[in-house]
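Protein chains in written order, with the numbering used here: chain A, 1 to 275; chain B, 1 to 275.
Since the hints were made in silico from the structure, they are not lab data. Among the clues, some could well be false.
[Unchecked claim] DEER-style ranges, computed between Cβ atoms: (1) B:A176 <-> A:E207: 25 to 35 angstroms; (2) A:L170 <-> B:E169: 17 to 27 angstroms; (3) B:G92 <-> A:L170: 50 to 60 angstroms; (4) B:S72 <-> A:D58: 44 to 54 angstroms; (5) B:G181 <-> A:D111: 42 to 52 angstroms; (6) B:P96 <-> A:A267: 14 to 24 angstroms.
[What the hints assert, rightly or not] Cβ-to-Cβ under 10 angstroms is the rule here; a few derived chain B residues that face chain A: (7) L6; (8) K10; (9) H12; (10) A37; (11) G46; (12) A47; (13) R117; (14) L209; (15) R257; (16) V259; (17) V264; (18) A267; (19) A272; (20) R274.
Since the model is a prediction, treat every value here as computed from it, not as a measurement. Positions of the beta carbon are idealized from the N, C-alpha and C atoms, including for glycine.
There are 2 protein chains.
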Amino acid sequence: MNDSRLRMTKHHGAGNDFVVLGDLDDRRTLTPDLVRAVCDRHFGVGADGLIRVTAGRDGTDLAMDLRNADGSAAEMSGNGIRCLAQAAVEAGWVAPPQFTVWTRAGVRTIDYRVGERSGEADVAVDMGQPVLGPDQPQQFADRRARTVDLGNPHLVLLGPDLSSVDVAELGTRLQAVHPGGVNVEFVTAGPEPEELTLRVWERGVGETLACGTGTVAAAAAVRSWGLVGSRVRVHNPGGTLQVELGETGAILTGPTRTVGAVEVEPAVVLAAARR
Amino acid sequence: MNDSRLRMTKHHGAGNDFVVLGDLDDRRTLTPDLVRAVCDRHFGVGADGLIRVTAGRDGTDLAMDLRNADGSAAEMSGNGIRCLAQAAVEAGWVAPPQFTVWTRAGVRTIDYRVGERSGEADVAVDMGQPVLGPDQPQQFADRRARTVDLGNPHLVLLGPDLSSVDVAELGTRLQAVHPGGVNVEFVTAGPEPEELTLRVWERGVGETLACGTGTVAAAAAVRSWGLVGSRVRVHNPGGTLQVELGETGAILTGPTRTVGAVEVEPAVVLAAARR
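All chains should be modelled from the sequences, with the hints used to inform the complete structure.
Laid out in structure tokens, this is it:
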């Protein structure tokens, strides 16, 4: 084994998938080209993002260096940090149940429960306090709308059903209205009480199978409209996540799954990249 | 390391990506569920297909057990066998430049050239003799059409341009017309003389970035219509492949790239699978 190899593990939370690279000595430099090459689903390994895990900062147990599939650095991902947690526990970098992770959006606390079967975990993370923008009723047909800030910007649109929504068309169009772009959640109440069903358009990505911050944003907005309480189950296309909206912040909980181990040689995966 | 682990390498030919599992002792059983779980791009590793490599049969050096991403067994893939060749050479199971591979579509001969950089190769494979079906002019609007058999069934549709083609819609619809399904190539001549540009719908997969047998089928059909000669460059969405249509069969040549190594535990990747 050559020491320049990137040894990673792949995980997903509700289908939102990440490759996680342990770099506790902080020796690795990730160029945008390398991140794009690794995350490319046909010319590389394939993932929604790459997470480099370094030693803690400011007293935390670990730190998260999160990159989007397009190579850009990101502040925070609710599913990404849950995948980081699973990689860290399985590699023995931290011990469950509780540990803290530095992120660009602040320090986050993980509450980790090992699952029944190998590769399964239920992972909770505090997501900070959602900051609601003003209500924007009737912005889109019969949908109620409001912005929510969770360290990244969201626009939550409530409607009677999701089947008739053109997520790509509306999601793309709304980018132009929101300087810097916005993550758009299309949400409907149900099917059961205290449940929501969601589709999400992530800025810089497109429609995804699940979005952790979007899930919390949707729960916070819909609670502000009085349709759910403080404990909400949110059905993302890739799986169901739970949100607890507390006095001091929101907690996001859900299943996290290990896929397997991945090793790439930077020069090789760069040579394989899309031209 | 647990012995039940599947140790694979990932490769692509023009963006047509495969995970390759060495099983020279023929001890592994691949269930459709396991293949689907591994090939899923969000809940698994992600690939167009999984190839199990076993010891040769009928005097060949190796044998190819090819599975589509949907779990079904496939006869032959031009890019898949080129990826198998790269995995086999890099693992030392065979020595370049020439070796033979048993496939469900017959015995294939590989001509392997190591590339300049690590993980790069140019790989040629004999694809057998394309068997042309009858011309079916005007089957779809202004497109000429004919079936081509390359061990697997193809329908080649020639048209003036590809930008207006709804590949998914037409590709799906044509499955119903062809019992057992069909791979559909939408092809246009150019941009240069002796070149074709192609988009492809693979049965059991969907639209892919490249298709080796489809590339040969397209070249053979378009030559039958008199628009190209016996040496054709075919631009697939993921890269360019070359076809030589000879007296005794077609040769497909193109770049093959190693992405990296992948290891999964069957029980774990199955637990991570899409519900």
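Hint check, failures only
Structure breaks no hint.
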